[in-house]
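2 protein chains.
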Amino acid sequence: MPKHMDFFLSLASTYTYLAVNRAEQLATQADVVLHWRPFSVRTLMIEQNNRPFAGKPVKLAYMWRDLERRAQRHGIAFASVPPYPVDADGLANRVACLAAAEGWCPEFAKASYRGWFLRHGDPGQVENLSRALRGTGREPDEIIARANSSEIHERLRAETDAARDLGIFGSPTFVCGTEVFWGDDRLEEAVEWCTSH
Amino acid sequence: MPKHMDFFLSLASTYTYLAVNRAEQLATQADVVLHWRPFSVRTLMIEQNNRPFAGKPVKLAYMWRDLERRAQRHGIAFASVPPYPVDADGLANRVACLAAAEGWCPEFAKASYRGWFLRHGDPGQVENLSRALRGTGREPDEIIARANSSEIHERLRAETDAARDLGIFGSPTFVCGTEVFWGDDRLEEAVEWCTSH
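In order, the protein sequence lines correspond to chains A and B.
Residue 1 is where the first sequence starts when you use my numbering, and the numbers rise one by one after that.
Residue 1001 is where the second sequence starts when you use my numbering, and the numbers rise one by one after that.
Simulated from the structure, these hints should not be mistaken for laboratory data.
On a predicted model such as this, the values are computed, not experimentally measured, just so you know.
Beta carbons: idealized from backbone N, C-alpha and C, even for Gly.
Careful: at least some of the hints might be erroneous.
The list that follows gives simulated cross-link-like pairs (lysine-lysine, DSS-like), each with its CA atoms no further than 27 Å apart [to be verified]:
| id | chain 1 | residue 1 | chain 2 | residue 2 |
| --- | --- | --- | --- | --- |
| 1 | A | Lys-110 | B | Lys-1056 |
| 2 | B | Lys-1056 | A | Lys-56 |
| 3 | A | Lys-3 | A | Lys-110 |
| 4 | B | Lys-1003 | B | Lys-1110 |
| 5 | A | Lys-110 | A | Lys-59 |
Listing some non-contacts, in silico: residues in chain A with all C-beta distances to chain B over 12 Å [stated by the list, open to error]:
| id | residue |
| --- | --- |
| 6 | Pro-2 |
| 7 | Glu-24 |
| 8 | Arg-155 |
Cβ-to-Cβ under 8 Å is the rule here; a few derived chain B residues that face chain A [as the list claims (entries may be wrong)]:
| id | residue |
| --- | --- |
| 9 | Val-1058 |
| 10 | Ala-1162 |
| 11 | Gly-1177 |
| 12 | Val-1180 |
Turn these sequences into a full structure, and let the hints steer you where they fit.
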């Protein structure tokens, strides 16, 4: 029976761009089933007083340079530094949550990140979100209305609760059983752990 | 002519334990000359309002688990979670600064970390510091007196200024020219950069 790995992600996270474009291939190669689980990293960061970049321009500048280098390393497109922060209302993340419930999170997440990183559109703005949705063959108005429903708010809250219970504090995070790996740069390690434990 | 890489380190940093035990071998294999440059990461963290673990118990717990896993991965001894934070006065770090000026920083840094991580002694306490110094064949009283001199305070300040100018905010950090790589987990990438640029 194949192992499975949880991929906790938030669509406004910067390094998650890399993970969204790498995780499937690495998991598939290792015969690991990947569960995409959008959650609100912002909620946990506020609770935990963990603000990795706000008010920290030196660390922020480094993050972008590091992300650019790692994108190049992995053959992932990187145009120039995109707007940040984004998705202030969490709408794109709620769409991802709905998409995960229905099995189309991978394609949506990639489209959302393409718009943000390559066309520099805030993925939470309706115009950009609609473009990403249309790119995956979906009708934006209906999806956005459902992403604003109490059902999806509740589902995202439940996933955020699950992340909190696991000791998660950042995105992306990979979880094998109860073993937590934070960061796109721990993806290989997480997959290895899954297949060897 | 061999390339060279600056290795900025602070002895009270947790992940620097891994780098201190890995950097020489990786650099040597790639024919890269390593310059050990102790600096005060605490000074920069206070200036930049960057407190990675203070008041963040969830992230702190993860850090120790991650560090333990990575120590195992690299064949580096890890007993159990050592005391933290340590070296409140920066004395061990000033000894490292003096040691770097005289060319014995690698052996001292390793001895200091062994005492901290494997015997759980605060490396800044005179008893533990003395043990580390004696282990490298040095007379503690004389070294500690010199580490408290204005000359070494000034040297450490100058190295911290150099780190600030490079955009450094954490330890360990590797620098090739002006290209900055933060974290033990970027060591391989930094060495590759040095040899290919």
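Would you list, in rising numerical order, the hints stated earlier that this structure does not obey?
1, 10, 11
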